[in-house]
Structure formats: structure tokens, C-alpha cells
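If you read the protein sequences in the order shown, they are chains A and B.
Residue numbers are given in the numbering used here: position 48 of the first sequence equals residue 48, and the series is strictly consecutive.
Residue numbers are given in the numbering used here: position 13 of the second sequence equals residue 1013, and the series is strictly consecutive.
No wet-lab data here; the hints were simulated from the structure.
Computed from a predicted structure; not experimentally measured.
Here a beta-carbon is modelled for each residue, glycine too, at the ideal position from N, C-alpha and C.
A hint or two may mislead.
Claimed, not checked - If you only want the chain A side, here are some residues facing chain B, beta carbon under 10 angstroms, derived: (1) L43; (2) L46; (3) F88; (4) G103; (5) V108.
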Amino acid sequence: SQQGEEDPQALSIQEGENATMNCSYKTSINNLQWYRQNSGRGLVHLILIRSNEREKHSGRLRVTLDTSKKSSSLLITASRAADTASYFCAPYNQGGKLIFGQGTELSVKP
Amino acid sequence: DVKVTQSSRYLVKRTGEKVFLECVQDMDHENMFWYRQDPGLGLRLIYFSYDVKMKEKGDIPEGYSVSREKKERFSLILESASTNQTSMYLCASNRDRASYGYTFGSGTRLTVV
């Protein structure tokens, strides 16, 4: 399956701590994308990492990609209460469709 | 910024009704998608379109159809609404699937009674 599988399913941390979410997938990919969804709203695209990239940063976000292990991780540093949301990874295979996993629910307590 | 607008935030329809969910994007994107999201099942792809008048089935097309008469508008049609179609429906658009992320609308929460 092209679907990404996030781990853990739920994560609860204190404000200021770092949050790490992992994603595994099964097929070869062109890129892998991470999205955030606040409760009851649409998804927001966070970052896209191409298959020939190993690491990418955007503000407090750091994404790594290991194509040999078919895995990716999303690190949010110095988390804030506003980071509370569900986070999804979505691997993309050229010519294919973007298929989302069930996500990681992140709760950041003030 | 690209904007994807879904016509209704909340919708309540009766079983058997024909339901239209509208989605409009304002950045001339080629690609448009309809997903539904249910607790425990994540997002599932219903239909997608890579061009005007073109449509492709996703993973769960049964009970749905789509229309893309204009590039900016992608409509999802529930031919005869059933209670198991109660869900959050999300529309998305994208310029280039290999290089850019998707832009999602805010979603339509449909309840079929």
C-alpha cells in the first residue's frame, strides 16, 4: 500500500518540549508530505520532502526521510499549545495518488 | 494564497435525497480531489480529476459521482444519500502532484438522517 502509517497514534507533551512523529510506508516514492489538521477543519500542508532529500527544515519543523528504511519523521521543536492538532504523512508515488494515514493526535499542554 | 472554497460548512439531508457538494479553487489548478474523513478510518479518496471533463475513481467511489465542467469547480454528487454517507467531506486542489502539496478546503460536515 502507498499509504503512510503514523506512529504514535497519540502524543501528549508539555509546552516547550519537542514532539516527534514517525511515518512508515511500503512502496517507492517521489516525495513525502506532512499535513496538519486542527479539529474539525481542513488539512494544511506543512512540508514536502523529495525522495532525493534527507532532511528539510521549515521554521520549528524538521522532517527527515530515509528511503532505505521507507520511513520519515516530523520533529516540532519548542512546541506550543497552538501546535495541538492531528498530523498526517502522505507518501506520493509519481503517477499515483496521495493517500493519507490515520494521523498522530498531538496534544500540547500549557 | 490559493483558496479552496467548499460551499457549505454543515449540511443536513434526508435519506434518498440527491446531494451536491461544491468545491471551487481560485488558482487555476489542474488537479482536484474529493476525500471523506471518518473516525478510525482516516481520509479516503473518493474521486479525483486531472483536467476539465476528466474524472477518475478513487478508493471508495460507490454511491458517488463527480462533475468537472469548469477548471475551477469540482462537484461531488451523492446520487441517493444514505446514512452511511454521514461524514466530513474534504476537497483539495493541487498544481503539480510531484512538486507541490495539496490545498484543502475547510470541509463540509454532512449528516444524512
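Chain B contact restraint for L46/A - C-beta distance below 10 angstroms
The hint holds - L46/A has a Cβ within 10 angstroms of chain B, the shortest such distance being about 8 angstroms.
Please verify that hint: V108/A, Cβ, nearest Cβ of chain B, below 10 angstroms or not.
The hint is violated - V108/A has no Cβ within 10 angstroms of chain B, the shortest such distance being about 21 angstroms.
Under 10 angstroms is the threshold here; is the Cβ of F88/A close enough to any Cβ of chain B for the hint to stand?
holds, 7 angstroms
Restraint satisfaction for L43/A [CB to CB of chain B, less than 10 angstroms]
holds, 5 angstroms
Would the hint on G103/A be counted as holding, given a Cβ-Cβ threshold of 10 angstroms to chain B?
holds, 7 angstroms
Hint 5 from the earlier list is the only one contradicted by this structure; the remaining hints agree with it.
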